[in-house]
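Going line by line, the protein sequences match chains X and F. To convert a position in the first sequence, counted from 1, into this note's numbering, add 118. Residue 272 in this note's numbering sits at position 289 of the second sequence, and the numbers go up by one each step.
If you are wondering where the hints come from, they were derived from the structure by calculation, not from laboratory data. Keep in mind the model is a prediction, meaning the values are calculated, not measured. Where hints are given, some of them may not hold.
[What the hints assert, rightly or not] One-sided and incomplete, this derived list gives chain X residues near chain F with beta-carbon spacing under 10 Å:
(1) L298
(2) A301
(3) D304
(4) L305
(5) V312
(6) G320
[What the hints assert, rightly or not] Just a sample of chain X residues kept apart from chain F, beta carbon distances all over 10 Å, derived:
(7) A126
(8) G161
(9) R215
(10) V223
(11) L227
(12) C228
(13) I229
(14) R243
(15) I248
(16) L262
(17) P281
(18) A289
(19) G338
(20) A381
(21) L387
Beta carbons: idealized from backbone N, C-alpha and C, even for Gly.
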Amino acid sequence: MIRALATAWLGLLVAVPLLVVLAIAFAIPDAGLPPFRLPVENGRWVEGNESWTVLTEDGFYLAALLRSLVVAGATAGLCLLLSYPMALGILRAAPGRRVLLLALVLLPLCIGFVLRMAAWVGLLRDSGLINQALLALGVISEPLPMLYSRGGLLAGMVHSYLPFALLPLYAALAARDTRLEEAAADLGAGAFTVFRTITLPGSAVAGAAAFLLVFIPAAGEFVIPAILGAPDALLAGGAIWQEFFAARDWPLAAAASVALLVALLPPLLLWQRLEQRR
Amino acid sequence: MSLRVEGLSKRFGAITALDGLELEVRAGEFLALLGGSGSGKSTLLRLVAGFEAPDAGRITIGGRDMAGLPPQRRPCAMMFQSYALFPHMSVAQNIGYGLRRAGMPERVRVEELLALVGLAGYGARRPAQLSGGQQQRVALARALATRPPLLLLDEPLAALDAGLRAQTGAELRRLQRETGTSFVMVTHDQAEALGLADRIALLAHGRLEQIGPPREVYASPATRFVAEFLGAANVLETAQGVFALRPERLRLGSLGRLAATVTQVAFRGDDWSVACVTAAGQTWRATLPGDATPPVPDTQLMLDWDDAAMVRLRA
Chain X
119 MIRALATAWL GLLVAVPLLV VLAIAFAIPD AGLPPFRLPV ENGRWVEGNE SWTVLTEDGF
179 YLAALLRSLV VAGATAGLCL LLSYPMALGI LRAAPGRRVL LLALVLLPLC IGFVLRMAAW
239 VGLLRDSGLI NQALLALGVI SEPLPMLYSR GGLLAGMVHS YLPFALLPLY AALAARDTRL
299 EEAAADLGAG AFTVFRTITL PGSAVAGAAA FLLVFIPAAG EFVIPAILGA PDALLAGGAI
359 WQEFFAARDW PLAAAASVAL LVALLPPLLL WQRLEQRR
Chain F
-16 MSLRVEGLSK RFGAITALDG LELEVRAGEF LALLGGSGSG KSTLLRLVAG FEAPDAGRIT
44 IGGRDMAGLP PQRRPCAMMF QSYALFPHMS VAQNIGYGLR RAGMPERVRV EELLALVGLA
104 GYGARRPAQL SGGQQQRVAL ARALATRPPL LLLDEPLAAL DAGLRAQTGA ELRRLQRETG
164 TSFVMVTHDQ AEALGLADRI ALLAHGRLEQ IGPPREVYAS PATRFVAEFL GAANVLETAQ
224 GVFALRPERL RLGSLGRLAA TVTQVAFRGD DWSVACVTAA GQTWRATLPG DATPPVPDTQ
284 LMLDWDDAAM VRLRA
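Make the full structure from the sequences, and use the hints.
Pasting the structure below:
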């Protein structure tokens, strides 16, 4: 019963939309908007639209895809780098206080997403809090261009995606055998050596899974880059959005979506394999 | 190397694990720390190793005060009850871990240690590929690698089955003699403590009840706790004071000092364990040689003993 429901759910809400997107990617646009027809005449496949040629030959789309993967990788890497000390720090606190500290980490999730991004704009813009403070202190004489920069974009991305890395890593580290670390210290290892030789290898699978859990959704992110990112350095999500809603070239947008999905399949499969190993 | 513990106290919330403990371990000695669960014996090891900080008191190893020193700077090594082998490293990497940290040459010493614990040729395996007894020996080799002058062993034999336990215990004793290392072994098994250690320290409620060579502690228990814990002695309260009487010194027959009813008879291989209850409701335990004819349960008999067998207790 549950199995049948799950299958129906997956079919109706995942498989069917995906097939529609795939169909649009190959469809011939008679007008700019649906309905489209598939490039089939008399039961035979005919020359379709030019989406795939444009996608592969116009460097604009490949560059956007590549930029997305780089930004997603940097976001996931930074999230992981922050999650380790945070998770270990929370675990070092008394059991009663851990819940409080975890709640503080999750608190930003309770604030509306748009509001959080607006707050970043307020912090980063030329007349924003950070620039005003630095100017007043005399550290800088010109406002730093932080909004619409790569650094500003990463700040917003990391802020939004941190819980996705922190929570699985926290769960894995909470379940680890701390006697291994005691044994290593007893054998002469200092705090960092214990982390490098025992804690890190012991949580490598969980760390890789946490990285991918951020990387995969971050690669398709388009709202945060639209608000905080540079307008001339479009990411894959932004390019797709533009084709759908600005250029109204649905077949091209659909083809770009399919390309992004294909690019994310290997990390997705890798993540699934890592989860099975745990 | 000698270990000295003075006025050591440690509390965990409302629980007092150690309560002003005084203890001395001599250089080259094999000391067994014997006590029930909650006696503070494992806490003592963790404080000596430096995993926990004491609330009060002093720990000195070889005359050096250990206060404030982290585990990696203390001249002792610990063998964990769960072995705590590093699962992502090979056996050789596990054994060589301490050598690498100390910047000592690794390869030759690791081979030597593998041979010492009878695991030559097992260096490339992972801990998960070894049996419990083999893992135990890897843990021992790892702890001994840098030749620490003091080895702390937390229930080193508890995870082994009975047959392996006796054999491994004898090996521990041999290694301790050969290396001249001071061993402090925590155990709750009195036979293990009596059979292996030079001296036994009995702990109860975070305090030292008695310390001495096995025969002395067994034959002359100082307190009621020691008498009952070691060899399950009968305790008599008379007008002259409190006395312990070993079950093997209690005679069962038709003549004697005290009438009792047999309640339980159990054959244990080497001997019989007989429980009797007196009219006053007190239970007495006696052991008879394995080839003796035991009394029948629910029959009446008389308990008898020599005055010389009675050991006066402090409390």
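Consistency of the hints with the structure:
For L298 of chain X, the interface hint holds, since its Cβ comes within 10 Å of a Cβ in chain F; the closest pair sits about 5 Å apart. Because the beta carbon of A301 of chain X sits about 4 Å from the nearest beta carbon in chain F, less than 10 Å, this interface hint is met. At a threshold of 10 Å, the smallest CB-CB gap from D304 of chain X to chain F is about 5 Å, leaving the interface hint in force. Against a cut-off of 10 Å between C-beta atoms, the interface hint on L305 of chain X holds, since the closest Cβ of chain F lies about 4 Å away.
Using the Cβ-Cβ criterion of 10 Å, the hint placing V312 of chain X at the interface with chain F is satisfied: the shortest such distance is roughly 8 Å. The beta carbon of G320 of chain X comes within 7 Å of a beta carbon in chain F, closer than 10 Å, and the hint placing it at the interface holds. Every C-beta of chain F lies more than 10 Å from that of A126 of chain X, the closest at about 42 Å, which supports listing it as non-interface. Distance check for G161 of chain X against chain F: the nearest CB is about 58 Å away, which clears 10 Å, and the non-interface claim stands.
Against the 10 Å criterion, R215 of chain X stays outside the reach of chain F, whose nearest CB is about 15 Å from its own CB. Interface exclusion of V223 of chain X from chain F stands, the closest Cβ pair being 27 Å apart, more than 10 Å. At roughly 34 Å, the least C-beta separation between L227 of chain X and chain F is larger than 10 Å, which holds for a residue marked as non-interface. Taking the minimum C-beta to C-beta distance to chain F, about 33 Å, the non-interface status of C228 of chain X holds against the 10 Å cut.
No Cβ of chain F comes within 10 Å of the Cβ of I229 of chain X; the nearest lies about 37 Å off, and the non-interface call holds. Against chain F, the non-interface label of R243 of chain X holds: every CB pair exceeds 10 Å, the least being about 47 Å. With a closest Cβ-Cβ approach of about 39 Å to chain F, I248 of chain X is found to remain outside the 10 Å limit, as its non-interface label requires. With a cut of 10 Å on Cβ distances, L262 of chain X stays outside the contact zone with chain F, its closest approach being about 42 Å.
The non-interface label for P281 of chain X is consistent with chain F: the shortest C-beta to C-beta separation is roughly 28 Å, beyond 10 Å. Under the 10 Å C-beta cut-off, the non-interface status given to A289 of chain X relative to chain F holds; the minimum distance is some 19 Å. Its beta-carbon lying about 34 Å from the closest one in chain F, G338 of chain X satisfies the requirement of being farther than 10 Å from that chain. Separation of A381 of chain X from chain F is adequate, the least Cβ-Cβ distance of about 31 Å exceeding the 10 Å criterion.
In this structure L387 of chain X is separated from chain F by more than 10 Å, as the shortest Cβ-Cβ distance comes to about 24 Å.
The structure agrees with every numbered hint stated previously.
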